[in-house]
Amino acid sequence: MSFTNTSTFVTQDTECLWEELRSGNRSSLEAIYRFHINDLYNFGMSLHADDMLVKDAIQDVFIDLWNYREKLSADVVIKQYLFKCLANRIQKELGKNLRRSNLHRMNIQETSVKSFEEVLIQNQSSTEISKKIQKAMNHLPVRQKEILQYLFFQKLTYEEASKLLEINIRSTYTLAWKAINTLKKAISVMLPLLIFS
Amino acid sequence: MQFRRITFTYPLLKIMNRIIMDKSKLSAEDFVLDSHFRDWVLHPNKQRNLIWQAYLDKNPQHVKEMYMAREIILNLPTTTYQIDEEEISLLWDEIDLKLSREPILPQESPPVPIHSKATITKHISTTPHTLFNYSLLKIAAMLALTALLGFLYYSLPESQITQPINWLTYSTNPGVKSTITLSDGSKVTLNAGTTISYVQNFAGESREIFLEGEAFFEVAHDTIKPFIVHTEDIVTKALGTSFNIKANKSEKIAISLVTGKVEVKSQEVLEFQDYLTPGEQVNTFAKGNSWEKGSFDKERVTAWMNQTIIFDETPLPEAIKILENWFGVTITVNHFKDQNLTLSGKFKNETLANILEGLSYTARFTYEINGNKIQINFTQ
Chain V
4 MSFTNTSTFV TQDTECLWEE LRSGNRSSLE AIYRFHINDL YNFGMSLHAD
54 DMLVKDAIQD VFIDLWNYRE KLSADVVIKQ YLFKCLANRI QKELGKNLRR
104 SNLHRMNIQE TSVKSFEEVL IQNQSSTEIS KKIQKAMNHL PVRQKEILQY
154 LFFQKLTYEE ASKLLEINIR STYTLAWKAI NTLKKAISVM LPLLIFS
Chain S
6 MQFRRITFTY PLLKIMNRII MDKSKLSAED FVLDSHFRDW VLHPNKQRNL
56 IWQAYLDKNP QHVKEMYMAR EIILNLPTTT YQIDEEEISL LWDEIDLKLS
106 REPILPQESP PVPIHSKATI TKHISTTPHT LFNYSLLKIA AMLALTALLG
156 FLYYSLPESQ ITQPINWLTY STNPGVKSTI TLSDGSKVTL NAGTTISYVQ
206 NFAGESREIF LEGEAFFEVA HDTIKPFIVH TEDIVTKALG TSFNIKANKS
256 EKIAISLVTG KVEVKSQEVL EFQDYLTPGE QVNTFAKGNS WEKGSFDKER
306 VTAWMNQTII FDETPLPEAI KILENWFGVT ITVNHFKDQN LTLSGKFKNE
356 TLANILEGLS YTARFTYEIN GNKIQINFTQ
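From first to last, the protein sequence lines are chains V and S.
Here the working numbering is used: the first residue of the first sequence is 4, the next is one more, and so on.
Here the working numbering is used: the first residue of the second sequence is 6, the next is one more, and so on.
Simulated from the structure, these hints should not be mistaken for lab results.
Some hints here could point you the wrong way.
[As the list claims (entries may be wrong)] Capping the alpha-carbon separation at 16 Å, the derived lysine to aspartate or glutamate pairs in EDC-like fashion look like this:
(1) S:Lys-103 / V:Asp-67
(2) S:Lys-103 / V:Asp-63
(3) S:Lys-254 / S:Asp-238
(4) V:Lys-158 / S:Asp-39
(5) V:Lys-188 / V:Glu-131
The model shown is predicted, which means the values in this text are computed figures rather than measured ones.
Can you build the whole structure from these sequences, using the hints too?
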């Protein structure tokens with residue numbers, strides 16, 4: 004499976020890759036991987052900024068995809084399907100050792116990831132508000148990060164997002180509302196300043 | 006104005022109509038979640054300005070919440086996480102490797118079922134196993150000390166009794182390979198004639214394993230507790246990776262990294278220390294005798310896991326040793342003269358008889374199989 008082979012796949016219609024995967028074509032799995040890996044990685048890291056955990060989860064998603072290829076349904080939006088699998092995987096991984104992940108959040112995320120963000124923030128000469136929002140965002144539960152990703156960054160509709168989250172539209176809205184509520188609380192101390200400045 | 010009136014209901018999203026009954030109580034959250042409001046904030050144009058101006062005129066009580074909503078939207082993080090091309094390929098290789106590896110089923114492990122009690126023996130002992138003489142004792146002492154310090158640190162009156170450290174030992178007999186899952190979820194595939202031991206439940210700061218023989222490790226991810234494999238004085242330290250270690254008694258120790266990253270070092274010689282990236286290998290004689298870092302052929306190193314024996318200009322005595330261990334037999338060689346004789350060949354899932362048959366033509370010998378005793382006869 005050389006890279007030149009896959010690049011021809013990449014230019015092909017991705018829906019046909021799905022068909023080929025279901026019929027057992029292994030190189031289509033690699034093509035799907037190469038086509039979506041950047042988005043998947045970014046999405047995964049947005050849910051939980053732990054490089055190793057996200058990569059492990061991506062690995063598991065593709066291994067499952069291959070092992071259960073015969074059971075895959077025909078009509079899916081590949082990207083959305085992959086996102087859903089990855090989010091579930093990360094959720095599961097974090098649930099497995101909740102205590103550890105909390106510890107981890109305190110140790111790793113605060114140090115390594117935040118410093119990266121700090122650099123970014125400095126570059127953009129952002130304000131105190133975006134720092135506060137960023138921090139609050141990092142501490143949201145994974146499901147809430149997931150819904151914000153779907154709605155704001157992937158620009159999915161509530162219907163699409165609710166399908167991916169496997170909850171009804173009302174719950175989807177509530178979940179997103181809670182997430183925004185946390186962000187709002189994080190900056191509400193600064194509200195007088197905002198209004199009267 | 007005609008325009009205002011027509012478009013007035015536009016900002017109230019369908020979703021809001023359905024979910025929020027009392028529209029007079031719209032809060033900042035609701036505005037953030039309204040895609041039309043977001044469009045206006047992020048990409049304002051004349052038409053959107055008019056629409057929302059009209060909305061504000063009609064609902065002046067929302068101004069504060071709308072202001073807040075606008076701040077949230079404008080300050081949502083735009084961080085994107087990049088993965089570079091090399092990492093993309095490495096990650097794929099890892100997936101590819103896992104998909105290519107056939108599961109090792111216990112019943113198909115020994116092609117020649119010679120040992121009837123060829124199963125994994127498992128025993129628990131409260132003292133360190135004698136197999137690992139020196140280094141193990143050292144480590145055991147270290148762990149005991151750590152435990153003791155722990156007790157002193159917490160200095161609880163009820164924890165005066167020192168708890169014994171339980172060592173678990175797994176070994177495979179010659180002729181049998183096996184896969185075990187450790188308590189932390191890590192998977193270890195043992196080649197024939199291999200022994201590992203570790204402290205039950207991985208009590209302590211790290212996951213320490215002692216290995217003699219050959220094993221492939223797929224380490225469960227755990228950033229808090231590093232996974233450490235001891236082979237004589239050589240220590241391989243990993244967080245979440247897969248690698249192969251070959252450490253047969255009185256042979257060179259080879260540590261081959263397939264995925265992730267590991268640190269390999271000698272506990273005796275300070276300069277013998279390296280970080281491996283996938284595809285890299287350290288070859289070392291223990292006790293500071295030699296240290297060599299290079300690359301390795303993944304297919305060859307992990308062949309044993311796919312029921313494959315590969316001889317590549319392997320000297321006969323070495324090949325005999327491999328076959329003996331693989332099939333759990335003893336091989337006697339008669340009239341062996343040509344010390345330079347090497348064997349080559351790749352045997353996947355073959356019986357010993359087939360392998361000997363294949364080799365007998367090129368190496369020019371005859372053979373007899375008598376239960377688990379094999380005679381190889383060179384002519385003259």
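Practice problem: Starting from S:Lys-103, check that the Cα of V:Asp-63 is at most 16 Å away, please. | Solution: holds (10 Å)
Quiz item: Holds or violated: S:Lys-103 with V:Asp-67, Cα cutoff 16 Å?
Solution: holds (11 Å)
Quiz item: Do the alpha carbons of S:Lys-254 and S:Asp-238 lie within 16 Å of each other, as the hint requires?
Solution: Roughly 13 Å between the alpha carbons, so the hint for S:Lys-254 and S:Asp-238 holds.
Quiz item: Does V:Lys-188 pair with V:Glu-131 here, judged by a C-alpha cut-off of 16 Å?
Solution: holds (14 Å)
Quiz item: Does the alpha-carbon distance linking V:Lys-158 and S:Asp-39 stay inside the 16 Å limit?
Solution: holds (12 Å)
Going through the hint list in order, the structure satisfies each hint without exception.
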